[in-house]
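Visitor: Given the coordinates of chain A, assemble chain B onto it according to the supplied hints.
Below are the chains, spelled out letter by letter.
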Amino acid sequence: MVFNSLTFVVFFACVLALHSLPFSWTTKKINLAVASYLFYAAWNPPFVILLWVSTVVDWYAAQGLVKARRPAARHAWMLLSVSANLGMLGFFKYGQFLLDNFGSLMAALGVAYHPAHYDIVLPVGISFYTFATMSYTLDVYLRRAAPAQNLLDYALFVTFFPHLVAGPIMRPTELVPQFAEPRRANAQQLRFGLALMTLGLFNKIVLADSFLAGAAERIYDSDKLPGTLDAWAGTLAFSGQIFCDFAGYSTTAIGAALCLGFAMPDNFRFPYAAVGFSDFWRRWHITLSSWLRDYLYIPLGGNRHGARRTYAALMTTMLLGGLWHGANWTFVAWGGLHGVYLAIERALRARFPNYRPGPLMFVALGLLTYTLVNVTWVFFRAKTFGKAWLVLRGMFGQNAGARPILSTFNLVTVAVIIGGMLITHWLMRGRTLESMVARAPAVAVCLVWALMAFAIIAAQGAGNAFIYFQF
Amino acid sequence: MPSSTSSSDSALALTRGHARKSTWDRYARQTAADRPGIAQPVPVRPVPAQPWGKILAGAALLLLLMLAGWEEYWRAYGVRPGINNTYGLWAIQRRRIDAGEGDATVLLGSSRLFFDVQLPVWEKLDGRRPIQLSFEGTSPLKATEDLAADAKFTGRLLIGIAPDLFFSGFEFRAGAIRYTRNESPSERIGQWLSMHLIEPYLAFDDTDYALQTVLARQSWPARPGLPEHIRVRKLSMNEADRNTHLWSKVETDPEYRALARRIWLQNFDPSPDDPSPEAALKTEKEQIERMAKAVVQLHARGVKVLFVRLPSNGPFLAFENRSYPRARSWNGLLAATGAPGLYFEDYPELEGYKLPEWSHVAPSQADRFTAVLYGIIRRDFWRLDAAAPGGEASPTH
Numbered sequence: 003m004v005f006n007s008l009t010f011v012v013f014f015a016c017v018l019a020l021h022s023l024p025f026s027w028t029t030k031k032i033n034l035a036v037a038s039y040l041f042y043a044a045w046n047p048p049f050v051i052l053l054w055v056s057t058v059v060d061w062y063a064a065q066g067l068v069k070a071r072r073p074a075a076r077h078a079w080m081l082l083s084v085s086a087n088l089g090m091l092g093f094f095k096y097g098q099f100l101l102d103n104f105g106s107l108m109a110a111l112g113v114a115y116h117p118a119h120y121d122i123v124l125p126v127g128i129s130f131y132t133f134a135t136m137s138y139t140l141d142v143y144l145r146r147a148a149p150a151q152n153l154l155d156y157a158l159f160v161t162f163f164p165h166l167v168a169g170p171i172m173r174p175t176e177l178v179p180q181f182a183e184p185r186r187a188n189a190q191q192l193r194f195g196l197a198l199m200t201l202g203l204f205n206k207i208v209l210a211d212s213f214l215a216g217a218a219e220r221i222y223d224s225d226k227l228p229g230t231l232d233a234w235a236g237t238l239a240f241s242g243q244i245f246c247d248f249a250g251y252s253t254t255a256i257g258a259a260l261c262l263g264f265a266m267p268d269n270f271r272f273p274y275a276a277v278g279f280s281d282f283w284r285r286w287h288i289t290l291s292s293w294l295r296d297y298l299y300i301p302l303g304g305n306r307h308g309a310r311r312t313y314a315a316l317m318t319t320m321l322l323g324g325l326w327h328g329a330n331w332t333f334v335a336w337g338g339l340h341g342v343y344l345a346i347e348r349a350l351r352a353r354f355p356n357y358r359p360g361p362l363m364f365v366a367l368g369l370l371t372y373t374l375v376n377v378t379w380v381f382f383r384a385k386t387f388g389k390a391w392l393v394l395r396g397m398f399g400q401n402a403g404a405r406p407i408l409s410t411f412n413l414v415t416v417a418v419i420i421g422g423m424l425i426t427h428w429l430m431r432g433r434t435l436e437s438m439v440a441r442a443p444a445v446a447v448c449l450v451w452a453l454m455a456f457a458i459i460a461a462q463g464a465g466n467a468f469i470y471f472q473f
Numbered sequence: 005m006p007s008s009t010s011s012s013d014s015a016l017a018l019t020r021g022h023a024r025k026s027t028w029d030r031y032a033r034q035t036a037a038d039r040p041g042i043a044q045p046v047p048v049r050p051v052p053a054q055p056w057g058k059i060l061a062g063a064a065l066l067l068l069l070m071l072a073g074w075e076e077y078w079r080a081y082g083v084r085p086g087i088n089n090t091y092g093l094w095a096i097q098r099r100r101i102d103a104g105e106g107d108a109t110v111l112l113g114s115s116r117l118f119f120d121v122q123l124p125v126w127e128k129l130d131g132r133r134p135i136q137l138s139f140e141g142t143s144p145l146k147a148t149e150d151l152a153a154d155a156k157f158t159g160r161l162l163i164g165i166a167p168d169l170f171f172s173g174f175e176f177r178a179g180a181i182r183y184t185r186n187e188s189p190s191e192r193i194g195q196w197l198s199m200h201l202i203e204p205y206l207a208f209d210d211t212d213y214a215l216q217t218v219l220a221r222q223s224w225p226a227r228p229g230l231p232e233h234i235r236v237r238k239l240s241m242n243e244a245d246r247n248t249h250l251w252s253k254v255e256t257d258p259e260y261r262a263l264a265r266r267i268w269l270q271n272f273d274p275s276p277d278d279p280s281p282e283a284a285l286k287t288e289k290e291q292i293e294r295m296a297k298a299v300v301q302l303h304a305r306g307v308k309v310l311f312v313r314l315p316s317n318g319p320f321l322a323f324e325n326r327s328y329p330r331a332r333s334w335n336g337l338l339a340a341t342g343a344p345g346l347y348f349e350d351y352p353e354l355e356g357y358k359l360p361e362w363s364h365v366a367p368s369q370a371d372r373f374t375a376v377l378y379g380i381i382r383r384d385f386w387r388l389d390a391a392a393p394g395g396e397a398s399p400t401h
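In order, the protein sequences belong to chains A and B.
Just so you know, we're using this note's numbering here: the first sequence kicks off at 3 and counts up by one.
Just so you know, we're using this note's numbering here: the second sequence kicks off at 5 and counts up by one.
There could be a bad hint or two in this list.
The calculated DSBU-like cross-link candidates involving lysine-lysine, where the alpha carbons are at most 35 Å apart (straight line), are [as the list claims (entries may be wrong)]:
#, chain 1, residue 1, chain 2, residue 2
1, A, K385, B, K128
2, B, K286, A, K385
3, A, K385, B, K238
4, A, K385, B, K289
5, B, K286, A, K226
6, B, K297, B, K156
7, B, K146, B, K286
8, A, K389, B, K286
9, B, K289, A, K389
10, A, K226, B, K297
11, B, K58, A, K385
12, B, K146, A, K389
13, A, K226, B, K238
14, B, K156, A, K226
15, B, K146, A, K226
Listing some non-contacts, in silico: residues in chain B with all C-beta distances to chain A over 10 Å [to be verified]:
#, residue
16, R30
17, I42
18, A53
19, E76
20, R100
21, E191
22, N271
23, S275
24, R305
25, L321
26, W386
In case anyone wonders, no lab produced these hints; they're calculated from the structure.
All C-beta atoms, glycine included, are put in the ideal place defined by N, C-alpha and C.
In isolation and in its complexed conformation, chain A is listed as follows (with noise of 0.2 Å):
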């Protein structure tokens, strides 16, 4: 179920009640298990069956990585349970792309082969609980971690209902431990954590949804050609919509948590406040950045084998988790754009390794990180390269004889969000949220509150599931 519904709703308070009822902590982590595979099992029943193989097979393979002696045997386990994790991606993300790839491979070696079309339906949120049950196996196998101590620990670990779908991915040691001990929110927690999910939503339902997708979905999801200003302003939006909706989802998760008496770790820390990419990357999607740095990157040699395998380093991670987002070679551009920007960032570091920019420079050069990850966002968004081209031209102004497209409403709500969105960013780039509600008058944190609670309840949203469900 998504968070942004009524089942939700029903759903989270009888959790809660549930949680409050003075069962042993073992009866309360059992419930917390039922409750997550319920929550899963909301979009598609069978699919917990998967939940169910992902977790198992870790846990086996945790096991026999502490057991086993020899380091071929260790090896081993450790290619068990990731072969088993990507094999299930594979199959159900990658299978039909990249049968058709194959297909297409074929027809160009001018070989006449047509793979069928499986529809496979996407389990939901597959490669989060994928990357979250991987970091554990791989925790165990570099000596991070010690394995977890029971498998009902382990298992609520994996399916964890507010990290499950989207995340943030959480790692065994940021979870697990939380498990040995009861947990319960203390009052102020509670109140604290339905804010924080009160934020979250206002991010996805208000902003999101109901004022930032329709401005994208003109620009993107239809066949008219788009001048400078309706380009820049679908792609604004879009910038503002896939923040808003996976912070939000991010926000509502760590609330939802917090009002458990549980903590999961920030996902964003105000991205388009950023000043180059490497610090871009320090703030979007900050369990994911950190993931591939830990598990990819670093394996891979990181920065430690000289400038050439840094950059093949580099540029391997970022294709690869353009990939992930996605099954479409759109999420590979995106990918590797943000790649050769990262790469460009570094070769400037060391040429210019003593410069630092003043503070008008360094506003401006923020601006061009903003714009150019804009330019990403358009292969991100652009369900084909045609397309992507398309919003690219008119951005650039190449599209000759483009009609208007946004009404003047859209333009204006496009300028106000995304104007508020930078201008908090900026405020807020050295900050955290907690240090900002803390600051502000009480009356005011009431007034905003209940403000983007009304807000949520007269946006009527329609229970829109969030863009990165299908990552």
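Guide: The following block gives chain B in isolation, referenced to the frame of chain A:
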């Protein structure tokens, strides 16, 4: 390992331990981005020092006041609570066919069959309540194909033809069939909760009064080069089984009626986005051919199919006659499908009803209209002893 939220109150602990630090510093924390290549520790999630109990109580009170004001505002405008016409609501009716009502009468059309035919009246005359599967602004073709492919459906099918929608293949609500096939348990539960606990009590819970919709229709300056286009406003009131009628405000409020008419008029003049006459004709032929295939399937199972063209008048009728002349479009459909058709102009008893915005029967007359329509259908098309191909009696007109 850093303490997490399990401590009694991490915010207070932090406050005591770091009294000299500024508020900004006190809540600063690292993320996984700051800790490369190591096992990530249990996160720390402090609660900002605020009187959260008072804040929550104040926010809840303010929220209630705002919601009460919003509800009162829309009720003063004339809105009353009703059931939202969602895909989930359509899915409930569609599933009746799979759940033992495959021999029922199904109404499948666009807004005219949806708003004009009143299910309680039909039920009173027929003994059984029909299943309403029409959708406003939407060609019934895909839903007909869906029923044609469903072996469980063996009943009677009344297909409403609104010429500008059916022959152009226009679909304002195109996703109902796909939604029904893919509807998740969560969505089913959400639909039930909403139609039982929210929609019967809140007037503002209607897509026409969603915050962004209300803001979008304020008098924003027109953008040069972009033709102004007013979106269709609320026109109907729905019940839980999709029994629907034209909203009484369209009939009783002259200003609102004028707005509804102005919205229709936007569609009657040629637009640069219109397809060429050749493309439009090609689409029309394709729609008829697809419908003919579906009807063959339905007839093979003994389903009785009847096309019905319900009344329109004024500029709307003139536009329809100009764009889709009966001799070509309607007659072409009947000829290709071999199914009978009921055209309102052939029946004097179907004329003279009040159509406030030229397209739908006024709610005050919808019951009487339904009774007359049912009588004609029963008399001329669906006689009990019907034995013509597909089960219909031959039409008398």
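Visitor: Now, for every hint given, state plainly whether the structure supports it.
Guide: Now for the hints, and whether the structure bears them out:
{"no.": "1", "hint": "A/K385 x B/K128", "result": "52 Å, violated"}
{"no.": "2", "hint": "B/K286 x A/K385", "result": "28 Å, holds"}
{"no.": "3", "hint": "A/K385 x B/K238", "result": "33 Å, holds"}
{"no.": "4", "hint": "A/K385 x B/K289", "result": "31 Å, holds"}
{"no.": "5", "hint": "B/K286 x A/K226", "result": "22 Å, holds"}
{"no.": "6", "hint": "B/K297 x B/K156", "result": "18 Å, holds"}
{"no.": "7", "hint": "B/K146 x B/K286", "result": "18 Å, holds"}
{"no.": "8", "hint": "A/K389 x B/K286", "result": "27 Å, holds"}
{"no.": "9", "hint": "B/K289 x A/K389", "result": "30 Å, holds"}
{"no.": "10", "hint": "A/K226 x B/K297", "result": "33 Å, holds"}
{"no.": "11", "hint": "B/K58 x A/K385", "result": "48 Å, violated"}
{"no.": "12", "hint": "B/K146 x A/K389", "result": "28 Å, holds"}
{"no.": "13", "hint": "A/K226 x B/K238", "result": "28 Å, holds"}
{"no.": "14", "hint": "B/K156 x A/K226", "result": "42 Å, violated"}
{"no.": "15", "hint": "B/K146 x A/K226", "result": "26 Å, holds"}
{"no.": "16", "hint": "R30", "result": "7 Å, violated"}
{"no.": "17", "hint": "I42", "result": "7 Å, violated"}
{"no.": "18", "hint": "A53", "result": "5 Å, violated"}
{"no.": "19", "hint": "E76", "result": "13 Å, holds"}
{"no.": "20", "hint": "R100", "result": "23 Å, holds"}
{"no.": "21", "hint": "E191", "result": "7 Å, violated"}
{"no.": "22", "hint": "N271", "result": "18 Å, holds"}
{"no.": "23", "hint": "S275", "result": "12 Å, holds"}
{"no.": "24", "hint": "R305", "result": "27 Å, holds"}
{"no.": "25", "hint": "L321", "result": "31 Å, holds"}
{"no.": "26", "hint": "W386", "result": "38 Å, holds"}
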